[in-house]
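K.L.:
Below, each chain spelled out in residue letters.
Protein chains: 2
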Amino acid sequence: MMEIKSVDDILKFASDCPSARMAVAAPEDDASLEAVKTAVERGIVTAVFTGCRHKIEAAMKRLGMTFENIDIVDADGYEDASSKAVSLVKNGDAQLLMKGTVHTDQILRAVLDKNNGLRTGALLSHALIFNHEKLSKPVVLTDAAMNIAPDLSQKVGILKNAAHLMKVVFGKETCKAAILAALETVNPKMQATLDAAYISKMSQRGQIPGVIADGPLALDNALFAEAARTKGIDSPVAGDADILLVPFIECGNVLYKSLTLLAGINAAGVICGAAAPVVLTSRADDMRLKLNSIALGAAAADRGYGKIRS
Amino acid sequence: MMEIKSVDDILKFASDCPSARMAVAAPEDDASLEAVKTAVERGIVTAVFTGCRHKIEAAMKRLGMTFENIDIVDADGYEDASSKAVSLVKNGDAQLLMKGTVHTDQILRAVLDKNNGLRTGALLSHALIFNHEKLSKPVVLTDAAMNIAPDLSQKVGILKNAAHLMKVVFGKETCKAAILAALETVNPKMQATLDAAYISKMSQRGQIPGVIADGPLALDNALFAEAARTKGIDSPVAGDADILLVPFIECGNVLYKSLTLLAGINAAGVICGAAAPVVLTSRADDMRLKLNSIALGAAAADRGYGKIRS
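Protein chains in written order, with numbering that gives the first Met the number 0: chain A, 0 to 309; chain B, 0 to 309.
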């Protein structure tokens with residue numbers, strides 16, 4: 000099996016290996032269909048669409064999309080399209096799920112449905128894998144999009160999700176996770192530093208399998224050994240983080256946006272924690288990020304996402 | 000008077016104009032002295048040091064620093080060095096203040112001293128001015144370093160400080176301020192979006208002179224008109240922000256670090272809100288950022304910082 004070492008490799012792997020099938024909930028507008036079109040054309044996925052056949056076919060025609068490797072399942076409204084897309088994955092007719100024109104809460108409600116959803120017992124969280132020219136390996140930013148202000152156990156869940164993704168995609172058995180805060184010392188006035196201390200101790204006691212977590216760390220000493228040395232930080236993670244856990248969504252969102260828009264990263268994002276990868280791109284994402292994200296979902300599905308979960 | 004339009008211009012202005020005098024509290028280690036040495040050599044400032052004469056002179060000799068344009072005032076310990084440096088500014092013997100080897104809380108306590116400090120009634124906040132190749136003008140990030148979780152009135156104070164700095168340095172009479180959050184809609188579960196709504200309304204009612212504030216905005220639609228259009232956001236600030244107000248310090252710190260380390264910005268930072276600019280660089284800052292920050296303090300002092308405050 001091809002070794003994946005970067006976001007570029009993810010795209011290459013997903014393009015080269017036999018296509019996973021992606022269920023897309025109501026891709027009725029051009030923006031949500033464009034990236035799917037390219038992904039199908041490049042052999043990254045085949046696709047099955049749920050929704051209003053008339054609207055989907057109209058959108059496909061507008062984009063000059065052929066019907067090769069595409070199936071359409073009729074659905075009545077966005078909720079029905081969401082639950083039918085989820086069912087396709089649950090039944091094994093598709094290996095990954097993507098949000099089309101439906102609202103985010105509609106697709107997530109279908110994923111989380113107790114009887115017909117894709118629950119695994121894990122919480123859902125967003126993970127963004129990125130490469131930056133100054134970093135020697137891919138890093139995961141989590142959670143920049145799903146959990147608003149995760150409590151301690153939710154933070155641990157987010158970490159486990161990210162580590163599982165890293166294991167599936169990169170074959171990494173153990174991930175180093177930096178628990179981010181505004182500084183490197185525990186400060187009773189800053190909850191992010193207290194949570195970091197708790198999680199560090201849990202990790203040290205072996206309570207988070209597959210993860211070596213340490214914090215509080217600031218972004219610079221999480222990523223750069225030199226910055227950690229300057230501050231005299233003794234940490235198994237500093238300067239070598241695979242995972243960046245942000246304390247709350249505002250922190251993650253601003254980092255996500257600054258990395259994608261100002262720092263020129265190559266990235267791929269996916270929702271973790273369900274029985275299959277869920278691709279949930281934002282209108283603000285550019286085409287490369289959207290395509291990479293579909294490829295990440297396809298690669299993860301192909302390499303056993305959800306099956307090898309401990 | 001030379002027009003300043005960028006961080007590069009700030010450095011040029013401070014190098015060209017008659018030097019402001021900077022009081023430095025105990026620059027006894029090489030790291031805190033290095034940037035001062037370069038700033039003095041380049042004519043950005045002249046300097047007066049407070050602290051242990053023996054230690055300061057030893058550090059100066061290690062760095063090969065001449066005693067030209069340098070005075071030393073003896074002080075006994077870091078607290079004394081801090082309060083003597085503040086007194087020099089208060090008495091008009093220096094126009095800006097810089098932290099040397101003393102601890103941050105020591106210098107700030109001296110600045111905030113009720114009788115001998117540099118209080119103005121404003122809160123203290125940190126502002127980072129930066130240029131990025133994708134942005135057509137300098138932008139201020141605030142507050143990434145001082146206020147942990149500012150409440151509504153503190154956020155307004157932070158905005159006023161940033162606007163004052165922009166007015167002094169760039170001659171900008173009115174600044175557009177983006178109140179950042181993780182999304183662009185008001186969500187009762189996300190305090191950052193509620194505060195953004197309050198501040199927007201205050202601004203609309205003319206309660207924040209010199210500032211047109213709007214939010215909640217995410218970083219992308221604050222800075223890029225195209226991103227705001229994609230989301231259909233109607234805002235006087237979106238795509239044209241001069242000031243980025245982050246909801247809490249973790250958010251500011253992670254943005255500060257990603258911008259300086261991964262996004263290649265040119266930046267200068269200063270503490271605002273006292274009667275004079277306070278330069279408070281971090282060990283993690285590189286030499287260019289430290290030098291720019293001294294230049295920003297010098298330029299702001301030269302252009303009337305603290306005197307023209309409304």
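Each hint should be verified, as a subset may be incorrect.
Label-pair distances were calculated between CB atoms; the ranges are [stated by the list, open to error]: (1) B/Glu172 to A/Gly205: 51 to 61 angstroms; (2) A/Leu111 to B/Leu111: 44 to 54 angstroms; (3) A/Thr173 to B/Glu132: 51 to 61 angstroms; (4) A/Pro208 to B/Thr173: 49 to 59 angstroms; (5) B/Ser152 to A/Ala30: 52 to 62 angstroms; (6) B/Ala30 to A/Ala30: 27 to 37 angstroms; (7) A/Asn68 to B/Glu172: 51 to 61 angstroms; (8) A/Ala148 to B/Gly231: 20 to 30 angstroms; (9) A/Leu193 to B/Gln203: 14 to 24 angstroms; (10) B/Lys11 to A/Pro208: 39 to 49 angstroms; (11) B/Asp150 to A/Pro17: 36 to 46 angstroms; (12) A/Glu2 to B/Gly170: 28 to 38 angstroms; (13) A/Val185 to B/Lys54: 22 to 32 angstroms.
Examples of chain B residues lying across from chain A (beta carbon under 10 angstroms, computed) [to be verified]: (14) Thr65; (15) Ile69; (16) Val72; (17) Leu134; (18) Lys136; (19) Ala144; (20) Ala196; (21) Ile207; (22) Pro208; (23) Gly209; (24) Glu249; (25) Leu258; (26) Ala262.
To spell it out: a stretch of chain B is covered by chain A in this simulated footprint if at least three of its residues, at any positions, have a beta carbon under 8 angstroms from a beta carbon of chain A; those stretches are [unchecked claim]: (27) 99 to 107; (28) 221 to 227; (29) 250 to 256.
If you are wondering where the hints come from, they were derived from the structure by calculation, not from laboratory data. C-beta: ideal position from N, C-alpha, C; glycine also.
K.L.:
Any of the earlier hints contradicted here, and which numbers?
P.N.:
3, 5, 6, 9, 10, 11, 12, 14, 15, 16, 18, 20, 21, 22, 23 and 27
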